[in-house]
Amino acid sequence: MVSGELMPRAVVIGASAGAIDALKQIIPQLPHDLSIPVIIVVHLAARKESLLPQIFRPLTPIGIREPNDKEPVGAGIWFAPPDYHLLVEKDHTFSLSLDTPVKFSRPSIDVLFSAAAEAYGDGLLAVLLTGANDDGADGLRDVRQRAGRVIVQDPATAEASEMPKAGLRVATPIFTGSTSMIGAFLATLLQRAASDSRETS
Amino acid sequence: MSSQDEIEIPHLLEAIYQEYHQDFRHYSMASLTRRVALARDQMGCQTTADLERLVSGNVDAFTRLFQFLTVQVSDMFRDPSFFRAFRQEIVPILSTYPSLKLWVAGCSTGEELYSYAIILREEGLLDRSILYATDISPEALRKAQAGVYSIDRVAAFSENHRLSGAKCSLSEYYTASHGLAVFDRSLRKNVVFSDHSLATDSVFAEMQVISCRNVLIYFDRTLQYHAVALMRDSLCRRGFLGLGTRESLAFTKSSSAFKEFSPAERWYQKW
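Here the protein sequences line up with chains A and B, keeping their order. Just so you know, we're using our numbering here: the first sequence kicks off at 23 and counts up by one. Just so you know, we're using our numbering here: the second sequence kicks off at 1486 and counts up by one.
Just so you know, these hints were derived from the structure itself, not from any lab. Worth double-checking, as some hints may not be accurate.
Here are the computed lysine to aspartate or glutamate pairs in the DMTMM-like style, where the Cα-Cα straight-line distance is at most 20 Å [as the list claims (entries may be wrong)]:
no.	chain 1	residue 1	chain 2	residue 2
1	A	Lys112	B	Asp1705
2	B	Lys1652	B	Glu1745
3	B	Lys1738	A	Asp113
4	B	Lys1674	B	Asp1705
5	B	Lys1738	A	Glu111
6	A	Lys112	B	Glu1491
7	B	Lys1738	B	Asp1705
8	A	Lys112	B	Glu1493
9	B	Lys1674	B	Glu1607
10	B	Lys1744	A	Glu111
11	A	Lys187	A	Asp156
12	B	Lys1652	B	Glu1608
13	B	Lys1652	B	Asp1669
14	A	Lys112	B	Asp1490
15	B	Lys1738	A	Glu93
A partial selection of chain B residues facing chain A, derived with a Cβ cut-off under 7 Å [what the hints assert, rightly or not]:
no.	residue
16	Ile1492
17	Gln1557
18	Asp1560
19	Asn1699
20	Phe1736
Where is the CB? At the ideal position from N, CA and C, for every residue including glycine.
Isolated chain A (complex conformation) (with noise of 0.2 Å):
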């Protein structure tokens, strides 16, 4: 079944600079009805109460949510806790882990995207944005490594080209485009998922 093989079951997204504007572009247009999980790593600055679920809560009716360690990897969308690294075991939940950061970050891109590339297989879609380093593409060669699929941000429209560049450097991307388009994309591909495993459940 060719729409079949187009369903991913997890969405992770990286950001780093520009990520709160780039995110504005997209979280709004997620299908209100979203039945998988969007997972999202943006490097902030170590406090104990992320802002983020309060930025996004009234652009969207979607549940968002920081997990606890452990906690099942429902649908909705998830932002890594500060100063945390945040994984997916292959039972779909989450962890959580104080390792040294990697590419200078905790949470990082590489380990969330690494992580649930083992988890969801080809059943994965990484998306790459705007930031200033190369975290995340290490984490979209593995993606690819395990046939999960990549879109990345067109670096001439990302307020720092340098994660995207590095993520087109490693890994071939089924989109690339704008924030408003890769949102427009997510709606179209996810609304379909939700109307299938409508039909299906």
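Given chain A, put chain B in place with the hints provided.
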């Protein structure tokens, strides 16, 4: 993780357990896999099977691998509001006990141990307290016992200490010399340092408080259940258990033995 690793990592962990009696078999696989990969790179091994061959019968190589597998991250008064809740909500209850036992399980290099010792001193309870500091890493325990930290870290420690509701400056408790902050040895007068594994060792003593922060995140749910049951059995009735900011008993089967005491700060009370 390559598909090879799906077989080779469990095999390595079993071999380590058999030879060195260190049990990583029920660690969270996603983060452990990253640490094994890092060890493999740094120790010059192509595959996990090579790594297993290298550490077999080679204590020095195993000691190096062990450093990679154990995570040593700690700060003084990390998450100051957690320590403020301890000081303001739990210390008043503890002060009704004639003597106190507090266990820092997975104490790493000791930063949290000294945080508790300082609060107990400030609140006048340290002299009638015994603090147990345990970890599986002998090297971490040695550092905890020394109580010496880089002076670069002390500004952040001081700020956290202040935010935790401190009664004086952190500088009362250390002397600075040669870029190091050497913490007052009187803080550890009543501290027992000990090698203890939440995976393989048994109940410790009857405690009023157990602090086990950002340790359970490295365990899978089976080992979390085991560790929480062990801590439950090591606590007196109405004793307190403090976890990390993102750790919750909600996903373990032992949660019924506890009630939430200060939910936002992850303080639980045995019920």
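Each hint, compared with the structure:
no., hint, in the structure
1, A:Lys112 <-> B:Asp1705, "11 Å, holds"
2, B:Lys1652 <-> B:Glu1745, "27 Å, violated"
3, B:Lys1738 <-> A:Asp113, "17 Å, holds"
4, B:Lys1674 <-> B:Asp1705, "35 Å, violated"
5, B:Lys1738 <-> A:Glu111, "19 Å, holds"
6, A:Lys112 <-> B:Glu1491, "11 Å, holds"
7, B:Lys1738 <-> B:Asp1705, "13 Å, holds"
8, A:Lys112 <-> B:Glu1493, "16 Å, holds"
9, B:Lys1674 <-> B:Glu1607, "15 Å, holds"
10, B:Lys1744 <-> A:Glu111, "28 Å, violated"
11, A:Lys187 <-> A:Asp156, "8 Å, holds"
12, B:Lys1652 <-> B:Glu1608, "9 Å, holds"
13, B:Lys1652 <-> B:Asp1669, "17 Å, holds"
14, A:Lys112 <-> B:Asp1490, "14 Å, holds"
15, B:Lys1738 <-> A:Glu93, "13 Å, holds"
16, Ile1492, "14 Å, violated"
17, Gln1557, "9 Å, violated"
18, Asp1560, "10 Å, violated"
19, Asn1699, "5 Å, holds"
20, Phe1736, "4 Å, holds"
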